[in-house]
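Engineer: Sequence:
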Amino acid sequence: MHQNAEISALLTLIDDPDEEVFTTVSTRIVHYGKGIIPNLENLWENTLSEAVQERIEMIIHKLHYSDLVRDLTEWRDSAYHDLLFGALLVARFQYPDLQTSPVIQEIEKIRRNVWLELNSFLTPLEQANVISSIVYNYYNLKGAEIAYKNPDDFFMHKVLQTRKGNTLSNGILYLVLAELLAIPVKAINIPQQFVLAFFNEDYDAGTYNGNPQKKIHFYVDATSGQPFTHKDIENYFKRISVPLVPSYFKPMNAVRVIQVLLEELARCFDEPAKMYKHNELLQLSDLLSE
1 MHQNAEISAL LTLIDDPDEE VFTTVSTRIV HYGKGIIPNL ENLWENTLSE AVQERIEMII
61 HKLHYSDLVR DLTEWRDSAY HDLLFGALLV ARFQYPDLQT SPVIQEIEKI RRNVWLELNS
121 FLTPLEQANV ISSIVYNYYN LKGAEIAYKN PDDFFMHKVL QTRKGNTLSN GILYLVLAEL
181 LAIPVKAINI PQQFVLAFFN EDYDAGTYNG NPQKKIHFYV DATSGQPFTH KDIENYFKRI
241 SVPLVPSYFK PMNAVRVIQV LLEELARCFD EPAKMYKHNE LLQLSDLLSE
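The letter at position 272 of the sequence shown is residue 272 when you use UniProt numbering, and the numbering goes up by one with no holes.
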């Protein structure tokens, strides 16, 4: 961006010791949009003060965050909510310069490998076994229960790079592949878990008035790709002393899945110095409810 007189004046005020002045200055800089980032990066490179560099980094973060708010709002308001695109938007919170093409290409490779092993005569369980064989054995995807020490476990591009994710990120990858392959797998709202369910092909959440559980063949643990039964689910509910009600088996749509991703990711940033990220992620989740 061309450095006009106002921009030059604003940049010189970044080191003002008065926090009120700095807040006003940073707000005005953010108003210029992402085009001002090269100016800020140049200033950062020519600044010796670590305190000023931290201020510059925070302004750049605010610029990226403002951009992300706009893009996530557009995704929310679109006619179709592409789950992969939503997950990549979440990854941009931590990696604002993320290139999405390599991610899409890698997922297409996995999809094609699965598709080559599928045919119209397979049962749902056989379909699940094909997906698990390719994704967890051939592709060697590893999984673990959700922990909050490493935010990278929540980001789709990092899961593909490291072949390791948590229940939630692996589950989203599984859902994306299933949708691309026209296999009726959905995430359901089991308490304290992210569980995938293989639904009957004729199930329509918008028109079916019965208990959705009756339309589920079986469930899948996204950490390992292993299927499990209705009996396993019933035992889990008994163990946590929660009544087995139909609402827990209704599929979550893509917007709700991304909300869960944002809410869980926010828990990685509970330290005081990172609490602003925690709050921003919850704000993004709230944005999807509007």
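Heads up, a few of these hints could be off.
Claimed, not checked - Below 16 angstroms or equal to it, Euclidean Cα-Cα: the simulated EDC-like pairs (lysine to aspartate or glutamate) are:
1) K109 / E41
2) K277 / E57
3) K149 / E179
4) K34 / D71
5) K277 / E290
6) K34 / E19
7) K164 / E179
8) K277 / E54
9) K34 / E57
10) K62 / D97
11) K62 / D82
12) K158 / D97
13) K274 / D97
14) K62 / D77
15) K34 / D77
16) K142 / D221
17) K164 / D152
18) K250 / E264
19) K149 / D18
20) K277 / D152
21) K215 / D204
Derived by calculation from the structure, the hints in this document are not laboratory data.
Engineer: CA of K277 to CA of E57, is that 16 angstroms or under?
Structural biologist: holds, 13 angstroms
Engineer: Would the hint linking K142 and D221 be met if the CA-CA limit is 16 angstroms?
Structural biologist: Given pair K142, D221 holds - Cα atoms ~12 angstroms apart, limit 16 angstroms.
Engineer: Checking one constraint from the list: CA of K34 to CA of D71, max 16 angstroms. Satisfied?
Structural biologist: With a Cα-Cα distance of about 13 angstroms, the restraint between K34 and D71 holds, given a limit of 16 angstroms.
Engineer: Is K277 within 16 angstroms of E290, Cα to Cα?
Structural biologist: It is violated: about 20 angstroms lies between the C-alpha atoms, which goes past 16 angstroms.
Engineer: Between K277 and D152, is the straight-line Cα distance small enough, at 16 angstroms or below?
Structural biologist: holds, 14 angstroms
Engineer: Could you grab the alpha-carbon distance between K62 and D97 and see if it respects the 16 angstroms cut-off?
Structural biologist: holds, 14 angstroms
Engineer: Quick one, are K250 and E264 close enough, alpha carbons at most 16 angstroms?
Structural biologist: Violated, at about 20 angstroms.
Engineer: Between the alpha carbons of K62 and D82, is the straight-line distance 16 angstroms or under?
Structural biologist: violated, 25 angstroms
Engineer: Below or equal to 16 angstroms on CA atoms is what counts here, so check K34 against D77.
Structural biologist: Violated, at about 23 angstroms.
Engineer: For the pair supplied as a hint, K274 and D97, is the alpha-carbon distance within the 16 angstroms limit?
Structural biologist: violated, 20 angstroms
Engineer: For the pair supplied as a hint, K164 and E179, confirm whether the alpha-carbon distance does not exceed 16 angstroms.
Structural biologist: With a Cα-Cα distance of about 21 angstroms, the restraint between K164 and E179 is violated, given a limit of 16 angstroms.
Engineer: For the pair supplied as a hint, K277 and E54, is the alpha-carbon distance within the 16 angstroms limit?
Structural biologist: The hint holds at about 15 angstroms.
In this structure, the earlier hints numbered 1, 3, 5, 6, 7, 11, 13, 14, 15, 18 and 19 are contradicted, and the remaining ones agree with it.
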